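Please work from the sequences and hints to get the whole structure.
So the protein sequences, as listed, match chains A and B.
Under numbering that gives the first Met the number 0, the residues of the first sequence are numbered 0 to 661, in order.
Under numbering that gives the first Met the number 0, the residues of the second sequence are numbered 0 to 301, in order.
Please keep in mind that the hints were generated in silico from the structure rather than gathered at the bench.
All figures in this text were calculated on a predicted structure; none of them were measured in a lab.
Ideal Cβ placement from N, Cα and C applies to all residues, glycine included.
No false leads were slipped in.
Computed list of lysine to aspartate or glutamate pairs in EDC-like fashion (alpha-carbon distance at most 20 Å, straight line):
id: 1; chain 1: A; residue 1: K600; chain 2: A; residue 2: D615
id: 2; chain 1: B; residue 1: K198; chain 2: A; residue 2: E495
id: 3; chain 1: A; residue 1: K393; chain 2: A; residue 2: E474
id: 4; chain 1: A; residue 1: K393; chain 2: A; residue 2: E459
id: 5; chain 1: B; residue 1: K198; chain 2: A; residue 2: E486
id: 6; chain 1: A; residue 1: K430; chain 2: A; residue 2: E381
id: 7; chain 1: B; residue 1: K156; chain 2: A; residue 2: E474
id: 8; chain 1: B; residue 1: K198; chain 2: B; residue 2: E231
id: 9; chain 1: A; residue 1: K346; chain 2: A; residue 2: D558
id: 10; chain 1: A; residue 1: K267; chain 2: A; residue 2: D297
id: 11; chain 1: B; residue 1: K198; chain 2: A; residue 2: E474
Computed footprint of chain A on chain B, listed as stretches where at least three residues anywhere in the stretch have a Cβ under 8 Å from a Cβ of chain A:
id: 12; stretch: 163-176
id: 13; stretch: 224-233
Listing some non-contacts, in silico: residues in chain A with all C-beta distances to chain B over 10 Å:
id: 14; residue: A33
id: 15; residue: E451
id: 16; residue: P535
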Amino acid sequence: MSDPHAGNGTPRIGVYVCHCGTNIAGTIDVVAAAEQAAEIPGVVLSRDYKYMCSDPGQELIKDDIEEHRLDRVIVASCSPCLHEETFRNAVAAGGMNPYLFQMVNIREHDSWVHRDPEAATSKAMHLIRAAVRRVRLHTPLEARRVPINPAVMVVGGGIAGIHAALTLANAGKQVYLVEREPSIGGHMAMFDKTFPTLDCAACILTPKMTQVRAHPNIKVWTMSEVTEVDGYVGSYEVTVRHEPRFIIEDACVGCLECIDACVYRSGKTPDEFNLGLSKRKPIYIPFPQAVPQVVVIDPDACIEFRTGKCKKTCVEVCADRNAIDFQQTESFDTVEVGAIIVATGFKTFDPIRTPQYGYGRYSNVYTALEVERLVNASGPTEGHVVMRDGSTPKSIGVIHCVGSRDRNTNRYCSRVCCMYSLKLSHLLQEKTDAEIYEFYIDMRTPGKDFEEFYNRVEEEGVHLIRGKVAQVRPEPNGDGRLILQAEDTLAGMVREIPVDMVVLATGLEPQADAEDVRRTFNITCAGGGFFMERHPKLAPVSTFTDGVFLAGACQGPKDIPDTVAQAGAAAAEALALVDAGFIELEPNTAYVSAEDCSGCKTCSDLCPFHAISFVDAKAVINEVLCKGCGTCVAACPSGAIHQNLFEDDEIFAEIVGVLADA
Amino acid sequence: MSDYSYYPGCSLKGTGRPYDESMQAVFAALGLGLDELDDWNCCGATAYMAIDEVQAVALAGRNLALAAATGNDVVAPCNACWLVLTKTQGKLGDDVALRDIVCGALGATCTAVNGDGPQPLRIDRDVAVRHPLDVLINDLGVDALGEAVTRPLDGLKVTPYYGCQIVRPLATFDDQADPQTMDRLLAAVGCEVVDNPYKTRCCGASQMMIMPDVGIDLVSLLIADAVARGAEAIAVACPLCQFNLEGYQRKALKEAGLEQSIPILYFTQLLGLALGLDPKRLGLHRSFVPVDSILGRRAAHV
Numbered sequence: 000m001s002d003p004h005a006g007n008g009t010p011r012i013g014v015y016v017c018h019c020g021t022n023i024a025g026t027i028d029v030v031a032a033a034e035q036a037a038e039i040p041g042v043v044l045s046r047d048y049k050y051m052c053s054d055p056g057q058e059l060i061k062d063d064i065e066e067h068r069l070d071r072v073i074v075a076s077c078s079p080c081l082h083e084e085t086f087r088n089a090v091a092a093g094g095m096n097p098y099l100f101q102m103v104n105i106r107e108h109d110s111w112v113h114r115d116p117e118a119a120t121s122k123a124m125h126l127i128r129a130a131v132r133r134v135r136l137h138t139p140l141e142a143r144r145v146p147i148n149p150a151v152m153v154v155g156g157g158i159a160g161i162h163a164a165l166t167l168a169n170a171g172k173q174v175y176l177v178e179r180e181p182s183i184g185g186h187m188a189m190f191d192k193t194f195p196t197l198d199c200a201a202c203i204l205t206p207k208m209t210q211v212r213a214h215p216n217i218k219v220w221t222m223s224e225v226t227e228v229d230g231y232v233g234s235y236e237v238t239v240r241h242e243p244r245f246i247i248e249d250a251c252v253g254c255l256e257c258i259d260a261c262v263y264r265s266g267k268t269p270d271e272f273n274l275g276l277s278k279r280k281p282i283y284i285p286f287p288q289a290v291p292q293v294v295v296i297d298p299d300a301c302i303e304f305r306t307g308k309c310k311k312t313c314v315e316v317c318a319d320r321n322a323i324d325f326q327q328t329e330s331f332d333t334v335e336v337g338a339i340i341v342a343t344g345f346k347t348f349d350p351i352r353t354p355q356y357g358y359g360r361y362s363n364v365y366t367a368l369e370v371e372r373l374v375n376a377s378g379p380t381e382g383h384v385v386m387r388d389g390s391t392p393k394s395i396g397v398i399h400c401v402g403s404r405d406r407n408t409n410r411y412c413s414r415v416c417c418m419y420s421l422k423l424s425h426l427l428q429e430k431t432d433a434e435i436y437e438f439y440i441d442m443r444t445p446g447k448d449f450e451e452f453y454n455r456v457e458e459e460g461v462h463l464i465r466g467k468v469a470q471v472r473p474e475p476n477g478d479g480r481l482i483l484q485a486e487d488t489l490a491g492m493v494r495e496i497p498v499d500m501v502v503l504a505t506g507l508e509p510q511a512d513a514e515d516v517r518r519t520f521n522i523t524c525a526g527g528g529f530f531m532e533r534h535p536k537l538a539p540v541s542t543f544t545d546g547v548f549l550a551g552a553c554q555g556p557k558d559i560p561d562t563v564a565q566a567g568a569a570a571a572e573a574l575a576l577v578d579a580g581f582i583e584l585e586p587n588t589a590y591v592s593a594e595d596c597s598g599c600k601t602c603s604d605l606c607p608f609h610a611i612s613f614v615d616a617k618a619v620i621n622e623v624l625c626k627g628c629g630t631c632v633a634a635c636p637s638g639a640i641h642q643n644l645f646e647d648d649e650i651f652a653e654i655v656g657v658l659a660d661a
Numbered sequence: 000m001s002d003y004s005y006y007p008g009c010s011l012k013g014t015g016r017p018y019d020e021s022m023q024a025v026f027a028a029l030g031l032g033l034d035e036l037d038d039w040n041c042c043g044a045t046a047y048m049a050i051d052e053v054q055a056v057a058l059a060g061r062n063l064a065l066a067a068a069t070g071n072d073v074v075a076p077c078n079a080c081w082l083v084l085t086k087t088q089g090k091l092g093d094d095v096a097l098r099d100i101v102c103g104a105l106g107a108t109c110t111a112v113n114g115d116g117p118q119p120l121r122i123d124r125d126v127a128v129r130h131p132l133d134v135l136i137n138d139l140g141v142d143a144l145g146e147a148v149t150r151p152l153d154g155l156k157v158t159p160y161y162g163c164q165i166v167r168p169l170a171t172f173d174d175q176a177d178p179q180t181m182d183r184l185l186a187a188v189g190c191e192v193v194d195n196p197y198k199t200r201c202c203g204a205s206q207m208m209i210m211p212d213v214g215i216d217l218v219s220l221l222i223a224d225a226v227a228r229g230a231e232a233i234a235v236a237c238p239l240c241q242f243n244l245e246g247y248q249r250k251a252l253k254e255a256g257l258e259q260s261i262p263i264l265y266f267t268q269l270l271g272l273a274l275g276l277d278p279k280r281l282g283l284h285r286s287f288v289p290v291d292s293i294l295g296r297r298a299a300h301v
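Right, here's the structure in full:
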């Protein structure tokens, strides 16, 4: 093998073996490993140390570089995901190029997964030998710097998106807030009171919604969806499709006179916002506090769209404001942003999938979200709990975990249902004085003031029964009452309780189109279909795509306090990124040796990042787009593509090192 | 050549004869060929599997080996047989070591007699085990069934009772919590289907012999609820359910404080009546509980 360190004799390699307390040293004989490493040709210094990542550990490297004139450094410790950057920085501080460093993972790949000390130590030695052979061949590299567009796009206008958008806009960044529905507000706008403080959802949400609307740094696009994302961190090009609203937004003043003037005397179309519990007209506003305060026309219901023969009383009354435009068509906008926050929320579980609870079959079975609308003063019954059959319930059964913690539907806990069930029981009792029976599996109230709220509701006389309801069935005598049957696991008996109304505490699921959204933003989904964070503990709002962040329930079920906290975190992370003005990227990109390229284009179709183009029938790789995945390197039939930090001779040297006996 | 192999199991040759008779008649009327397996044996029922799994799988597996040789799906109308054979097929498919043991045992000890003389038994393919509800819904379809009806059972109030074994633990062709296949078949022949919240409850099964008090309570619950909801008959798909609901009905009625009995009919018997088949061919004359109410109503429609 030729000498990689031309001009200065053989390389001078320093090896550091970390104890990581007992994490590594408990299984691997780190002292012996360091001693053996000292024997490997090229190694001029080998040490073991308790915590290499600590400040003294890093100082050690810095000092040794100077004192022993090291020109290559190896640290055998944990995963490079954790501390590669730490050690590269230490190496750089010692005056070396940081890419002349190699990390060996003897914790996650060795001590944590093996029990036999002798074998584990032997494995550590093989890995260290491989790194020594490899690091000799490393060449100095420079990190790439690319500028960042400071604007941020927030996708989803629920409480998560609203909070993130306001945080960024208040920091002076341009924000594009994209919402699919005619108004921002999301699920929170549908709720009545919020647990555990029982403050009114609208009262705390509406001010934030109007702030969004009024903020000079926020552009709100409702009835809009992201259709395409191009580009890369710092320079995303996002295309947004706008559905026609048939109203000129800037001309509409929100007087709502057109709704009164509509030729329909009353609504005929199920009102989406009230989950079909009321009817709306073809021209409508989703809810009184909607933002923007602009009406919308439903072309499927509007007579003008269906027949072209409407008197158009709406246009008459709108008069010279001229806000109604039946000719509107879909339109597109393309904007450049440096970062994207995905806050697309959740959908509630459809209890048709649990037929044993009779939803859809027995009219007095409701979902919890429907009950939120029923108890809401601006809801279909103005806050009076009137059931579909016109009566007021005297007894109510609440069933927890519908579509949660069940291998037949979703295995996970939806986290919010215990608390919102307690809240609904409190509100229902307050409004109807009904006897309320809550059936739960486990009562999960792990939040600030949550347990206290649970105690309060219990003291208010709500019957809490620990048992999963097996079935809801109608009384055979036809009086319309429903029998809830459950095993009361505290009393050790089967209970059959007849009630007038059943409330299903349906769980939270990923949005129906989460898979499409995932693909659009090039992010990943975890098991249940929720979007996956980069690290469950240490990178909870980042994704595996740089510059794309997550906020709210699209990442997993969560309540309002957690959603807002996460939205703030996502905004802060996005801000830290775009505010820096530029980013440094790993130099592990692929490059083409043009004389070997046959121009076959095998690589360009395979590149997941569209980083390869062809100039004069030769492949050219855009360094900024390249993520260093190595797909093209492996695929190139002529061996014309190489990759920094993963050169063929480096990898072969590593393999030889692993396989060598001693 | 037949469309399906037929595994009757012991019940359909004994207490469940009306099921055997009515199903064969209905399948024939609908043009679905059935060919009874030659030399079939006991499925082992639920008991054997609990005692010795390997022997139980070998015993039930012999029937699958016979069916494998025919190249057809095998129809098992008894819910217990259906479950045992389905489970057995699953175990043989999943567990290669078990399959080797069972195939070895079958090849060494059993022979089937066919045209070429005795042959070693082999299980050389997966056999689809089918319940008649599954076949009628998924292979024939409710539209084809509806078209074949000559004497619709207009307005006859029937409540379907599925029992446990075709929905638990494996629900391969219907919803586990709210099965619908029988509901749909009965609706297709003109019945007014009465909602049955107890459609998958326990009929007492063999507890009727061991702990009659428990068994009678369970049957009483099923019957009283069906009567309260206005059903004129209970349709079943399992010979053990039928036996318990019919054979112990007098005691169950007494327990519930009721007097009027209610016919317990195999769903195939009701389909057969709607197809215009002779009640005798459908085994209706074998009922313990009088079925005159059903036959009388049918006559009124003729």
